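**Student:** One-letter residues, chain by chain:
Number of protein chains: 2
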Amino acid sequence: MSELQLKGKQGKEASYFLGNVTSEQKQQALYKMAAALLSQQEAILKANKLDVEKAVQKGTSKAMLDRLSLNEERIHGMANGLRQVAALSDPVGEVLSMAKRPNGLQIGQQRVPIGVIGIIYEARPNVTCDAAGLCLKAGNAVILRGGSEAFYSNQAIVSVLSQAAASAGLPEHSVQLIEDTSRETALELMKLNEYIDVLIPRGGAGLIEAVVKNATVPVIETGTGNCHIYVDEEYDGDMAANIVINAKTSRPAVCNSAEKLIIHERAAHEFLPIIVQALREKDVEVRGDERALTIVPDLVPAGDEDWKKEYLDFIMAVKIVDDIDEAISHINVHSSHHSEAIVTTNYAHAQRFLQRVNSAAVYVNASTRFTDGEEFGFGAEIGISTQKLHARGPMGLKELTTLKYIIYGDGQIR
Amino acid sequence: MSELQLKGKQGKEASYFLGNVTSEQKQQALYKMAAALLSQQEAILKANKLDVEKAVQKGTSKAMLDRLSLNEERIHGMANGLRQVAALSDPVGEVLSMAKRPNGLQIGQQRVPIGVIGIIYEARPNVTCDAAGLCLKAGNAVILRGGSEAFYSNQAIVSVLSQAAASAGLPEHSVQLIEDTSRETALELMKLNEYIDVLIPRGGAGLIEAVVKNATVPVIETGTGNCHIYVDEEYDGDMAANIVINAKTSRPAVCNSAEKLIIHERAAHEFLPIIVQALREKDVEVRGDERALTIVPDLVPAGDEDWKKEYLDFIMAVKIVDDIDEAISHINVHSSHHSEAIVTTNYAHAQRFLQRVNSAAVYVNASTRFTDGEEFGFGAEIGISTQKLHARGPMGLKELTTLKYIIYGDGQIR
Chain B
1 MSELQLKGKQ GKEASYFLGN VTSEQKQQAL YKMAAALLSQ QEAILKANKL
51 DVEKAVQKGT SKAMLDRLSL NEERIHGMAN GLRQVAALSD PVGEVLSMAK
101 RPNGLQIGQQ RVPIGVIGII YEARPNVTCD AAGLCLKAGN AVILRGGSEA
151 FYSNQAIVSV LSQAAASAGL PEHSVQLIED TSRETALELM KLNEYIDVLI
201 PRGGAGLIEA VVKNATVPVI ETGTGNCHIY VDEEYDGDMA ANIVINAKTS
251 RPAVCNSAEK LIIHERAAHE FLPIIVQALR EKDVEVRGDE RALTIVPDLV
301 PAGDEDWKKE YLDFIMAVKI VDDIDEAISH INVHSSHHSE AIVTTNYAHA
351 QRFLQRVNSA AVYVNASTRF TDGEEFGFGA EIGISTQKLH ARGPMGLKEL
401 TTLKYIIYGD GQIR
Chain X
1 MSELQLKGKQ GKEASYFLGN VTSEQKQQAL YKMAAALLSQ QEAILKANKL
51 DVEKAVQKGT SKAMLDRLSL NEERIHGMAN GLRQVAALSD PVGEVLSMAK
101 RPNGLQIGQQ RVPIGVIGII YEARPNVTCD AAGLCLKAGN AVILRGGSEA
151 FYSNQAIVSV LSQAAASAGL PEHSVQLIED TSRETALELM KLNEYIDVLI
201 PRGGAGLIEA VVKNATVPVI ETGTGNCHIY VDEEYDGDMA ANIVINAKTS
251 RPAVCNSAEK LIIHERAAHE FLPIIVQALR EKDVEVRGDE RALTIVPDLV
301 PAGDEDWKKE YLDFIMAVKI VDDIDEAISH INVHSSHHSE AIVTTNYAHA
351 QRFLQRVNSA AVYVNASTRF TDGEEFGFGA EIGISTQKLH ARGPMGLKEL
401 TTLKYIIYGD GQIR
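Chains as they are written, first to last, in the working numbering: chain B, 1 to 414; chain X, 1 to 414.
Because the hints were derived from the structure by calculation, they are not lab data. The model shown is predicted, which means the values in this text are computed figures rather than measured ones. Mixed in with the good hints there might be a few duds.
Intra- or inter-copy, both count: the list cannot distinguish identical chains.
To be verified - In silico DSSO-like links for lysine-lysine, alpha-carbon gap of 27 Å or less:
1) Lys282 x Lys398
2) Lys58 x Lys398
3) Lys308 x Lys398
4) Lys12 x Lys308
5) Lys49 x Lys308
6) Lys100 x Lys191
7) Lys12 x Lys309
8) Lys12 x Lys213
9) Lys309 x Lys9
10) Lys308 x Lys9
11) Lys191 x Lys309
12) Lys308 x Lys213
13) Lys58 x Lys100
14) Lys100 x Lys398
15) Lys398 x Lys54
16) Lys213 x Lys9
17) Lys62 x Lys398
18) Lys62 x Lys12
19) Lys191 x Lys398
20) Lys58 x Lys9
21) Lys191 x Lys308
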């Protein structure tokens with residue numbers, strides 16, 4: 001039996017048990033996991049050092065090294081994250097819309113764990129802890145497949161977490177790590193339908209595409225964000241500038257930052273020069289379509305390839321449109337369907353944008369940066385879904401559960 | 001551009017339009033479609049005759065010929081189905097749980113169409129009409145790929161439906177049929193991620209397996225039903241017999257019929273001989289495990305391969321267990337996770353079964369035959385999902401929609 005088959009089977013068995021533990025038991029386990037991270041932080045930091053040294057030898061970039069490195073503060077952050085998840089209310093067991101049918105059957109839907117959740121992710125070791133905590137809280141077993149760069153760190157973290165879970169009476173295979181980080185094993189994981197109920201990839205566009213293309217297990221696609229802000233012909237200039245600057249520059253490397261600015265032609269002559277100056281003051285490279293260049297000639301010309309691109313950088317491309325419908329159809333065609341915003345003072349335009357833009361989160365007069373589990377009030381998130389089935393937008397604990405019908409009868413036959 | 005690429009593109013464009021038509025428009029279109037089926041039934045019956053003649057020449061079985069054949073009554077049935085769907089309330093537009101966040105943002109979820117739904121199905125031409133009606137009512141464009149056996153019938157039905165939809169002001173490509181019924185085209189459809197938002201296979205286990213294995217488009221798995229009835233140690237004998245007979249014999253060829261009977265050993269000595277006789281009176285072949293054979297020696301011995309099998313026939317296999325937990329774990333391992341029922345008078349056992357059995361519909365003291373969109377009060381169904389993501393159990397109009405977050409702000413930045 002391969003490592004994957006074995007861990008899949010163990011995970012499935014653990015999930016049967018986890019589906020029936022009380023909220024209190026899960027909460028205790030999460031608190032114990034947080035305490036164990038702190039009490040065993042030395043071992044984790046030692047393991048992390050091995051990963052970092054290996055990465056330095058390989059000439060890894062500074063940004064990547066920073067994502068990989070752990071320190072006391074980051075381990076405290078991980079422990080705090082687990083405690084926050086422990087304190088959230090348990091979604092499992094909730095019964096929705098139970099009602100009596102004419103024949104006397106009482107039919108309702110009950111929220112239950114999904115079962116075994118697979119997570120495929122890249123370098124950041126804190127994902128190991130965050131994902132384990134959320135999956136467990138929702139009553140799921142989790143099988144983690146991190147990148148080879150963080151191998152020793154992930155191994156140390158999972159060892160600490162699974163021992164702590166076991167000490168709280170949960171199955172020791174509730175949290176498991178795939179130790180073989182080869183591409184072949186990742187592909188095998190994507191086809192492990194017998195044991196894995198859902199696979200969530202967390203990482204760059206390349207990883208997500210590989211999972212969508214190869215998986216036979218159901219996948220929840222997360223993350224790429226080519227987000228747009230549309231400044232309407234009727235707009236408040238200060239609000240528009242604030243929102244654009246915040247959405248572009250407050251954290252350009254995350255998926256909910258804005259990449260594209262669309263401006264109504266009647267607003268462009270006034271607003272474009274102002275916003276270009278403000279963006280440049282924040283070191284943003286502004287690119288423009290032909291019409292934008294006629295207003296601010298020294299913009300970098302935007303090419304066709306710009307419109308679908310997620311920069312994750314201090315770059316923003318501007319397009320000028322004739323009307324709101326051109327903006328909406330440009331967005332619907334080029335967006336990654338993550339988050340889009342309109343800035344307008346016109347009631348009908350606000351409603352039209354909300355109704356017609358086909359993305360996970362559609363805003364009126366607010367920054368796209370709010371698309372986030374904590375900002376939406378979920379307490380934590382496992383990722384942001386950009387697909388339409390099951391979960392769309394930030395995914396919290398509820399999105400890590402499913403529903404089953406429960407039916408109370410007294411002898412009904414059909 | 002291939003037929004599929006073209007139809008995919010046209011479907012996508014139609015879906016943008018359909019997402020914004022009023023309920024009234026959709027309702028009018030469905031009534032016109034129903035009327036057109038009746039006024040053009042001659043053309044449909046003529047086309048169906050071609051399919052039936054071809055099938056007869058190929059030596060198709062009587063049962064298959066019956067599924068393929070249309071007549072006036074069946075066309076009336078299809079038209080009535082469309083009228084019923086027309087009369088259902090429109091799920092699109094509903095806003096769920098809108099609430100104000102501490103920063104003043106109002107965040108809610110709005111029900112919207114999925115977009116373009118692909119349906120792959122086998123011989124029955126009435127699926128063409130049912131699926132088109134439901135998808136359209138929920139604001140989706142639909143691309144149908146029926147089997148080659150029903151080619152002329154499907155072509156005639158789709159031609160009538162799409163003309164009627166167009167005459168009601170909906171896009172003519174709202175309902176499209178893939179005319180190339182080759183396997184290659186089916187595979188291409190399963191990978192048409194650019195245009196198809198979700199694929200729903202309707203048919204036998206082989207078709208569903210092929211779709212799950214090959215599709216890169218998100219799939220909703222429907223249908224196989226290896227359903228169980230567990231008769232507990234404390235039980236009402238008449239109720240148990242009624243439920244078993246109903247669940248097995250009222251319509252054995254459908255997925256919610258029961259295939260397995262599990263009996264507590266303390267009930268078996270009394271109940272097994274009674275139920276075997278009753279089942280045999282209905283021409284059911286009863287198979288049994290070793291322990292069942294010690295009680296009723298002339299049962300057909302059940303082999304290992306029986307326990308996962310969906311007979312869809314007048315066959316039922318019986319297993320005797322030591323206690324309710326053995327019944328539950330047998331079900332969780334061998335079931336197709338469709339529908340299961342316990343017959344018991346014991347409160348704690350009823351609750352334990354409901355909580356621990358991991359299937360789409362779990363019953364206490366009722367027949368599994370109720371797992372059905374109409375019986376659940378949805379008015380109609382597009383299939384019964386046996387997967388855990390997005391939809392589980394009977395899928396009605398609501399399951400043909402998705403949610404998006406809509407957010408009202410007044411200048412919030414983060």
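**Student:** For each hint, tell me whether it holds in the structure or not.
**Tutor:** For each hint, the structure was consulted:
no.: 1; hint: Lys282 x Lys398; result: neither (38 Å within a copy, 46 Å between copies)
no.: 2; hint: Lys58 x Lys398; result: neither (40 Å within a copy, 52 Å between copies)
no.: 3; hint: Lys308 x Lys398; result: neither (31 Å within a copy, 31 Å between copies)
no.: 4; hint: Lys12 x Lys308; result: between (40 Å within a copy, 18 Å between copies)
no.: 5; hint: Lys49 x Lys308; result: neither (38 Å within a copy, 50 Å between copies)
no.: 6; hint: Lys100 x Lys191; result: neither (40 Å within a copy, 42 Å between copies)
no.: 7; hint: Lys12 x Lys309; result: between (39 Å within a copy, 21 Å between copies)
no.: 8; hint: Lys12 x Lys213; result: both (25 Å within a copy, 21 Å between copies)
no.: 9; hint: Lys309 x Lys9; result: between (40 Å within a copy, 22 Å between copies)
no.: 10; hint: Lys308 x Lys9; result: between (41 Å within a copy, 18 Å between copies)
no.: 11; hint: Lys191 x Lys309; result: between (30 Å within a copy, 23 Å between copies)
no.: 12; hint: Lys308 x Lys213; result: within (20 Å within a copy, 30 Å between copies)
no.: 13; hint: Lys58 x Lys100; result: neither (65 Å within a copy, 49 Å between copies)
no.: 14; hint: Lys100 x Lys398; result: both (25 Å within a copy, 19 Å between copies)
no.: 15; hint: Lys398 x Lys54; result: neither (38 Å within a copy, 51 Å between copies)
no.: 16; hint: Lys213 x Lys9; result: both (24 Å within a copy, 20 Å between copies)
no.: 17; hint: Lys62 x Lys398; result: neither (36 Å within a copy, 48 Å between copies)
no.: 18; hint: Lys62 x Lys12; result: neither (39 Å within a copy, 43 Å between copies)
no.: 19; hint: Lys191 x Lys398; result: within (25 Å within a copy, 29 Å between copies)
no.: 20; hint: Lys58 x Lys9; result: neither (36 Å within a copy, 46 Å between copies)
no.: 21; hint: Lys191 x Lys308; result: between (30 Å within a copy, 21 Å between copies)
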